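Sequences are here, hints too, so could you generate the full structure?
Listed in order, the protein sequences are those of chains A and B. For the first sequence, the residue numbers in our numbering are 1 to 115. For the second sequence, the residue numbers in our numbering are 1001 to 1873.
Misleading hints may appear alongside valid ones.
[What the hints assert, rightly or not] So the derived list for chain A, only partly shown, Cβ under 8 Å to chain B, looks like this: (1) 30; (2) 49; (3) 50; (4) 53.
[Stated by the list, open to error] Far from chain A, by Cβ distances over 10 Å, these chain B residues were calculated: (5) 1136; (6) 1208; (7) 1649; (8) 1841.
FYI, nobody ran anything at the bench for these hints, they're computed from the structure. Predicted model, so just to flag it, every value in this text is computed and none were measured. Quick reminder that beta carbons are idealized off the backbone N, C-alpha and C, glycines included.
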Amino acid sequence: MAEAPSVITPLTYEILLALASQDCHGYGIIKEIEERAGEASAPSTGALYLALQRMESDGLIEEAPGRPTSGDDARRRYYRLTRRGREAAKAESARLAALVAAARRKRLLPASADA
Amino acid sequence: MRLTERLLRAVLRLAPGSFRDRYADEFLDTHRARVDRAASRGPLAAVLLSVREVAGGAWAIARLRAGLPQEVRLATRSLWRRPGYAATAIAVLALGIGANTAIFSAVNAFIFRPLPFADAGRLTMLYETNPEFGWTVGLAAPANLLDWREQVGAFADIAAYTEFVNRVTYVKDGEPVLFGASAVSGNFFSVLGARAALGRTFTWEETWQGNDAVMVLSHDLWVTQFGADPSIVGRTLQFGTRGFEVVGVMPPGFRFPTNQTQLWHTWGWAPESRQAVWFRRAHWVRPIARLAPGVTPAEADAQFQAVVRRLQADYPETNRVMGAGLMPLRDFLIRDVKRPLMILLGAVGLLLLLACANVANLTLVRAAERSQEMALRHALGAGRLRIARQILTESLVVSVVGGVVGLGLGWAGVRAMTRLTSLGIEGATSIALDARVVVFTFLAAAASGMVFGLGPALRSTGDNLHGALTEAGRGGSQTKRSLRTAGTLVAVEVALALLLAVGAGLMLRSFWLIRRVDPGFRREGVLAVQFTIPTARYQDRDNVLAFYHRLAEALEGRPEIERVGTVGRLPLTGTSWSSQFQAAGWPPERVGFEILHRRADRGYFEALDIPLIRGRLFEPGDRAGGPLVVVINETFAREHFPGEDPIGQRIAYDRVATESSNWYEIIGIVGDQHQVSPAQAARAEVFENRNQDWDRSNWVVIRTRVEPASVLPIVRNVLREIDPLIPIAQARPLRDVWRASMVREEFILTLLTVFGGVALLLAAVGVYGVAAQAARQRTREIGIRVALGAAGPDVIGLMLRRSLVMVGLGLAAGLTASLAAARALGAVLYGVAPNDPATLAAVVGLLATVAGLACYLPARRATGLDPVRSLRD
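The following block contains the structure:
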């Protein structure tokens, strides 16, 4: 694992985002990404678990103790953000927000923020 | 679909234990959930996702294992350093594997893809035979079918269908539309085990008149013409004067028995027909049976034969010589294509072997060049096994990449092939890149990697590696030995290339001969247009004939059109019906068997330049109701009236003709027209007069003064004036009909020519590679010889000798092999023997020239070098 733990790849960020609102299992993360970005942009299951493993060993996420919603298959493991993970997500969001603000100033995006 | 899961499981097994223990279960769980969801959106989405999933899984594991498959990284790096070798090897393998993938896809579509029937292994085709008529896998007479169905207990049930589609006219929003309709028995779907997606299928009772106003639609028709409206079930659709209630819609993809089938209806047989002679004499239904539980085909056949014998005794008039048999369903459906497929499969197999030999050759040459590197590695402590493993890994990397590229090439090949002809069992299967094809490709890739990598790998473990270091790589025993092996490989390559080129040469010659066959009619400048006149507004013969008459008259009034005629079936598109006949005055035992029938008018012969040999053609005076007249072809006259004059003879289509038979007078003899294909000789044929033996469906043939396709709009205009509600069923220039009749030969020819050409190229590359390598390694020796005064040609001769011996050996071996193998081609060849000396000589000559050149060029270059420089280098 040559990369430094602080590197947030787009996929890592997507996962952080998916887990920011609620704890979720692997398939749930995929579904959320698909809903947000379209099916073609969702990672392969292989890429997802590669990222989950890396994020777990980097301490960005951890296994959630309980299984929040009922009815789901009991085998599925739920993940949640660690404090570090939440901080990384915030930092990355701020960085992206700054980039988007810059893009707006350069008229790459319409000026109105709330659409 | 579960194949991807199995693949992923296999991939996960390669993951580090820690990853596997923690994630494998939920990994697969997530994967399953995703594929299930994608599958609900359709097969394509599921396949796309599956491919991505497997690739993604493999990629992830490779990332996780980045430290471990050191060989792979080493191999990739080492290949990268010599991109020429890697690119050549990959390209050669990709060609071989791609060709195999393409042909295997076709084989798969015919031989392995599941038939769309439940428990298809228990289905069996029944057929009738008649040695007097030469029928081997003949159609059945309905009365016989009904008796079998009731009397052979070994069959759970027997259904039947007609093998061709009828075009039926449906008027939708005021416009006529043609639907492809297949007529079946009421138990057709239940015997096949096919259920309706909507509504129901037919019942046996609906086979019979009075219950037959029912119809089942294909999914495709339901979607394209009826907007996928579920309320279609129960609605009555009007076809001509009759209404049919739609009782069901089949699931997507079900279109048996033909690719054009869009709806099914039952025959609606009259119950009293069972006693009629014609119901047992006319053979026109294709029966299919389901074996009763626990019954073997042999047991069923025994029972079946007993019933067939009983029918022979009970109905001697029709069944005296009628035999019958059964055949597994798939064998029946692929009976015409199996041999060509096997020929092509054999040919691509050889091509892959050739590609492997070629890459092995490249690898050997490369191994010789690298012997010092390997020796150095060994000296530095790498075990022999490790070195062998590295060589093998490199081969596998090359073959896997070759396989991936080959898969793409193969699929492109499939697209190209399907442009020539449809691939798959008519009405049942179609070609697709399914798991079997992918697995086949990767097995082919892995096997070829082994084949061309194992040799060099094994040698590296057995060689004196230290020797290689001290030899300094200049003409030592090591390189000599590898050159000898390479020489043997060259001989193998030449032999394989010869084999493939002979196949291509024979097909080429055969096709050339077929194309030169005169089919007996004019092909250029004729457009054929098919019409079916609906019953609703054209109730009787006079209405129908009047329509065709008006149409011909209107068309002939146009300046672009020279002559118009009608015919029931176009030449070169098969036969309609056949019968026996007797001529007036023949003794009762004299019978003419298996004469073909076709309906035509005078214009047909004239528009198509069919020569009148003797007598006359139909005249306007040969009217319906008057004496029946026919025209026969030359073969008929030759075979059935040898030494007699057929003109004026009266014939009847009965085995024992009586005064009550329909008697026809022969009024003319016309030239033969090939009925089935240019490669099949014309058979005895009789032409009935369209004005007397009329039918609703006819081809109108139009000889034009302009490009034939360009008169189609004129035909449409004329038709609109006469009757805008009559649709054009089909329109084809006769030139296309002629071409289509040779499509099978063209298909095999095209593929074998491509294989032969690639083989020639590969062999040339192989020969050149080895000759160039030999020349490089002997640069020093040549330099000395030339410095000592040897003449250029002598040196070239010296260098050529060994290569040419190898080429010669290869040619001899290839020639022997092709004499044995070309016999397999015999069945698809026309007018040329499998051992045709001219073709063999031409191919050997071509290959010898190419190989000779490939030997000569490097040798010449070597002698042309400045001796001082070659010594210094």
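> Which numbered hints does this structure break?
Replying inline: none
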